[in-house]
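Participant: What follows is each chain in one-letter form.
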Amino acid sequence: MSIEIKNISKSFGNTRALDNVNISLGDKKIYGLLGRNGAGKTTLLNIITNRIFADSGEVLLDGIPTRENDKALQKIYMMGEKDYYPLTMKIKDIFYWTKNFYPDFDIEYAKKLADIFELNINKNVKSLSTGYNSIFKVIIALSVNTPYVLLDEPVLGLDANHRDVFYKLLIEKYSNSPGTFVISTHLIEEVSNVIEDVIIIKNGTIIKNESREDLLSQGYTISGKASSVDSYVVDKNVIGIETIGGLKSAYILGSINKETIPADLEVTKLDLQKLFVQLTNA
Amino acid sequence: MNIKATTKYQLREYKKSLGSYYLIVLLIVVLFTVLDRMWGSEGSGSYNGFEFATIIFLFICGLNSFKGTFLMMMQNGISRKSMFIGASITFLSVSMLMSVIDRVIAMVVDLITKAIGGLSYEGFYDLVYSHRMPKGILFELEGILVTCAMYAAAVTAGYFITTLYYRMNKALKVIVSVGVPVTIIFILPLIDSMFFNGIIGDLVLKLFYFIFGDFHGKANPYNMLLVCIISSIIALGLSWLLVKRAVDKN
Amino acid sequence: MQINFDEERPIYIQISEGIEDAILSGAFPEESQIPSITEFSVTYRINPATALKGINILVDEGILYKKRGVGMFVAQGAAEKLISKRKEKFFGNYIINLVDEAKRLEISKDEIKNMIERGFEDEHRN
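Chains as they are written, first to last, in our numbering: chain A, 1 to 282; chain B, 1001 to 1250; chain C, 2001 to 2126.
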């Protein structure tokens, strides 16, 4: 039970959007598909869902190519940033039609979520703010009950309270009926505790693909007086450095040998946000 | 399963437009009748041919049938193939439904006007092909069949044009929008007269006669039927080639 | 049970330590049921796998045990076990460092003892 992305490449004109991407999404995990704007996240999701075609490679869902395949496509729901629903359609009618296409869509649950988010389902898409435009799609994604749910920038335009509600509902949904969720975002800090596996994409190439724990345990942060940090990191694999006044923090890949760390330096774990920034800096 | 779902959705788009369209038709019929009663044409006046309005209506429907539906289908995990089959079924059903409705309207309005006097109404089929046989069930069925084919040709032509425009980039759109009319109106006649001694013009005229007869009351509706069916098939075939490779441009 | 996540330590460690604290404070008495994985993950907005990992550490140590189909319970003698575990840790974390630093500063054993006395007596200390 998985989506296999095999040797996918895609160019737009002279721009290489995806370069030989190979990943597997499944095992009922929550994935974070992380990348800066324009890294290729949406392109990849659009290829998985048959919205655009890859130049080469293929996407298999449980062994069947998703390209032009209703059976496979019906197992995936993708919420995107852009408008795919008719702008003049009311949200309640969108719910009705979603049920038409995805028979497992739970309209009652969707209405309940609409109440929680205070979304008026008698409004049409056009009249929604950016935040509510994300919210109604998030609601569908959480109620659609497909084995694979792809969320492209789900919290776009949501205020802090609604973001918090979203993460809570997502975890609740995931705990009660586990499925494979893929959250594509460039806002890493908020999702870092929610996701189990991390896929980092940079300029159309996958540069990291492993569990968050593994990724974060591959390195550490060391901070203290600049001169001490400088002398400590000489023979280390430093992926980034931050300086504030005379203090320095260095992000290091590799295992810690506690004995060799000078007493005046402090060791902390890597955090995903910082690691991401360092890894995806040009 | 999915073809059923997408067809249901695509038919829905027509439901509303059809309702408004026939409401307007009804209003016009009432308006004409009332006006006639008020001023009185003493039975000499007549009006005809809602079918031409339907043809234009369906052509415009065809033009509006691609982009919104395509995005909605992409959102809902429907392949281009299922969507296209759904569209074809929709076009056929709507053409059939409207040709039946239009025939019924022609008959009913005819009956009413005969009963209360005043204006008379003739449907397109009565107008062009009434020489063929006395009115009766066979005549009406033939009328439905031929108008249905005409409607299908209109809606599929609209669909083809809209899918063509969807696939073209901006520059190409401008070139085609300007180029095609200019070619048909100016360049083609010029080339025709310069290089082909008007053969192309003759062929066009012959096709016209083939479809509508030569205005001596000898039009053969089956010629019209044949041309409309071929035109629909070609339009659908070309549309499929365009839809097959259409991608989300969002 | 209250956890204020910090950036330094992995979340699952903080979860397991949060449960330990709750057991030690009596918030989760022995033989009582603790919140489910779902409750933990929903409350703290963390992946259920992370919560599970934190809880499993305590299961492995015999602090918690599973009742099939019911949930997680605090084991008999869990508090005692935790106290001795924490004492070990206390020695490792504080005493070793204390002695090392004292040697660097040339503080004598008696001086340290006096300091500790002072620490216990100081009413204004938090």
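Take these hints with a grain of salt, some might be off.
Restraint-style ranges between C-beta atoms, simulated for each label pair [what the hints assert, rightly or not]:
#, chain 1, residue 1, chain 2, residue 2, range
1, A, K112, C, L2098, 55 to 61 Å
2, B, I1137, A, L87, 33 to 39 Å
3, B, L1226, A, P178, 55 to 61 Å
4, B, S1177, A, N7, 38 to 44 Å
5, A, L87, B, I1230, 45 to 51 Å
6, C, K2067, A, N120, 43 to 49 Å
7, A, S9, B, I1185, 27 to 33 Å
8, B, L1241, C, G2069, 54 to 60 Å
Honestly, the hints are just simulated from the structure, not real lab data. Heads up, the beta-carbon is just placed ideally off N, CA and C, and yes, glycines get one too.
Participant: Each hint needs a verdict: does it hold in this structure or not?
Facilitator: Right, here's what the structure says about each hint:
1. The given range of 55 to 61 Å is respected by A/K112 and C/L2098, whose C-beta atoms sit roughly 56 Å from each other.
2. Separation of B/I1137 from A/L87 is about 46 Å and departs from the stated range, judged on CB atoms against 33 to 39 Å.
3. Under the hint 55 to 61 Å, the C-beta atoms of B/L1226 and A/P178, about 59 Å apart, fit the expected range.
4. Checked against the given bound of 38 to 44 Å, the beta carbons of B/S1177 and A/N7, roughly 40 Å apart, stay inside it.
5. Take A/L87 and B/I1230: their Cβ atoms lie about 37 Å apart, and the range 45 to 51 Å is violated.
6. Judged by the Cβ atoms, the range 43 to 49 Å given for C/K2067 and A/N120 holds: they are separated by roughly 45 Å.
7. For A/S9 and B/I1185, the Cβ-Cβ distance of about 46 Å falls outside the hinted range of 27 to 33 Å, so the restraint is violated.
8. One distance hint, 54 to 60 Å for the beta-carbon pair B/L1241 and C/G2069, holds here, with the actual separation near 59 Å.
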